[in-house]
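Asker: These are the residues of each chain, in order.
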Amino acid sequence: MKVFDRLRPAIVNGLRELQANKVRSLLSMSGIILGVASLVAMVTVVQGMVGNFRQFVDAMGGIEKITVDRQALPKDQEHLAELSEGITMRDVEQIRATVPLVRNISPEVRVGYEKIVFEGREAITLIMGCTPDYLPVAKRWVDPEQGRFISDLDILHRTDVVVLGSSIAADLFPPNVDPLGKVIRVKGKRFVVVGLLNNIEGAGVQIRSANAKGGGGMWRWRNSGVYIPVSTATAKFTGNDHLTGLGLRIGDAADLQNTVDQLERTLLQMHNGLKDFSISTNEETLESFKKTESAFKLSLGGVAAISLFIGGIGIMNVMLASINERIREIGVRKAVGARGSDLFLQFLAEAAVISVLGGVIGLSVSMGIVWVMNFILIQAIPTQAVATLDWKIMLQGLGFSVVVGLVAGVYPALRAANLDPIEALRHE
Amino acid sequence: MGSLVTIRGLRKAYRMGDETVHALDGVDLDFDRGEYVAILGPSGSGKSTLMHILGFMDQPTEGSIVFEGEEVSSLSADRRAWYRSNRVGFVFQSFNLLPRLTVLENVALPLLYRDESDPAANEAAAKHALERVGMSHRLDHRPSQLSGGERQRVAIARAIVGNPAIVFADEPTGNLDVKNVDRILDLLGSLLAEGITVVLVTHDLGVAAKARRVISMRAGKVMEDRRQ
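Protein chains in written order, with this note's numbering: chain A, 44 to 471; chain B, 858 to 1085.
It should be emphasised that the hints constitute simulated quantities derived from the structure, not laboratory data.
Check before you lean on any hint, since a few could be wrong.
[What the hints assert, rightly or not] Some, not all, of what chain B presents toward chain A, calculated at C-beta under 7 Å:
#, residue
1, His-909
2, Arg-941
3, Arg-944
4, Leu-955
Remember, it's a predicted structure, so these values are computed and weren't measured experimentally.
Yeah, the Cβ is synthetic: ideal placement off N, Cα and C, and Gly gets one too.
Whole structure, please, built from the sequences with the hints as guidance.
Answerer: Encoded structure:
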């Protein structure tokens, strides 16, 4: 209570000094303003980027997804190329039998970009052969009112059924036509539409104009696929039993490396030691992104730290100048009974007032920066807002400015506190 | 009237380069409550040093000062600040009012630094002090809006706001015109009635003539101590 009684007039006095020297105070604040603004805007934007990227990785199947792709043999095995059989359903069976860490395995055949036609309307898109396991591996689903996905029976009987992505369905069918049960032509062959895949959206924000051509934003490629039974794809289109690749899902991301190792051993054994496949995970993508993220944080954080440091020097400079101008005032205050600690508190409070005000202005500047950056980013990538201001980060920014102001104020305040009253009163 | 201050063998020495300057060279003095004293002397006589030491702004090199029965010749800085805030008041030649504060705030300033400081009580005390000097019509003015005589009256109000035992006036009329000189000196003289000891520090014989006791100093020594 006593401390507050001494602090209150000191703060009032600080505000009054600020008001009396508006331009000078604003100039001395500029460093703090820039420092806080860049700090908060930087953290916010980097966090937004991280959030966006996590969504992206999730859309790619998440961290628990492993992809096996066919690959040309390495140089030292090139002469054995004719022995390579590629990835087949036999690999799938073997992995099911010997790698229990794999929860789902989705064999995939990429038929390619082909023309699909419905009553004169046509579209060109990627045709994929797959099995029911595609859904858990890709984290997709078919809503009950949107039909069904490819079933085990479809695989067994090589039926001519097709499941469409939401954006391709919108392209191919007029709005008033229910695609379910309709017959479309895929690369000239007749298929019955049995289901529509769920629409993938950017988190929180509706894909813009999913019905319009060119709409769909960054997730459009995920909504434009056409899926047929893998057995139908090999029998009707590719003509051999080669798979393009495998998608695998494991139960726990912690088992990722173990699973990759076991997969590699199993596949090498199956392929007679031929390395005609590659195994990739999203972890590498995530890892490289994390590196980018920390590089961003370091460099931008460095910039912010330097500007806060300069802001501190600016405040110290102004405080020293202000004390020089007010030596007489200090003398008078001491003569009427102010202790050294009273003057220390007064000038420290003045520095704190400057830095807090600078911090608050810096926060509003950071809001502007984030708004502009979001505006630019939305123009460049039509997706959701990249960054949202977090009050925790803003509070931290303000805290930083207060600390800088207090540290910068200590030395000038000590000088004021230690002035000799007689000397100070004689000062002209 | 009892004795307020008793000074014995007071010395103050400064080092100026290689030389030692004796600003006070063995001063013995007594001040009673309610006395009107002028300390007269040319510059360098030690009168300002004596005022600073008696006003708790400085400390003697040697000697004893008993103030209101307490030995005060070697107090800590905070303790001296307490005495300045509670027991003494200063009036300066150049007024030394703080330009950013209003008249009322300037007068209340000494109370701000007291341990138990209540804004409402401070304001009341400051208003009362300003009434005593006839300045209660200018509470919200800034010092720059006042004449020299008015400023010095505000400064006197500041000196007496804390009910001091002694008020030091250092050439209080040096910056004033003739008409205001008498007014300020009479105002200072009126404080005696309340038991306040007033010490005028001056080199002006005319000003010193107003006091009832004149102490003449030269080269750090008391040359004459005369009651008139």
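Asker: All hints, please: hold or fail.
Answerer: Hints, one by one, checked against the model:
1. The beta carbon of His-909/B comes within 5 Å of a beta carbon in chain A, closer than 7 Å, and the hint placing it at the interface holds.
2. Nearest Cβ of chain A to the Cβ of Arg-941/B: about 4 Å, under the 7 Å cut. The hint holds.
3. At its closest, the beta carbon of Arg-944/B sits 10 Å from a beta carbon of chain A; the interface hint therefore is violated under the 7 Å criterion.
4. Annotation: interface hint on Leu-955/B holds; nearest CB of chain A at approximately 6 Å, less than 7 Å.
In this structure, only the earlier hint numbered 3 is contradicted, and the remaining ones agree with it.
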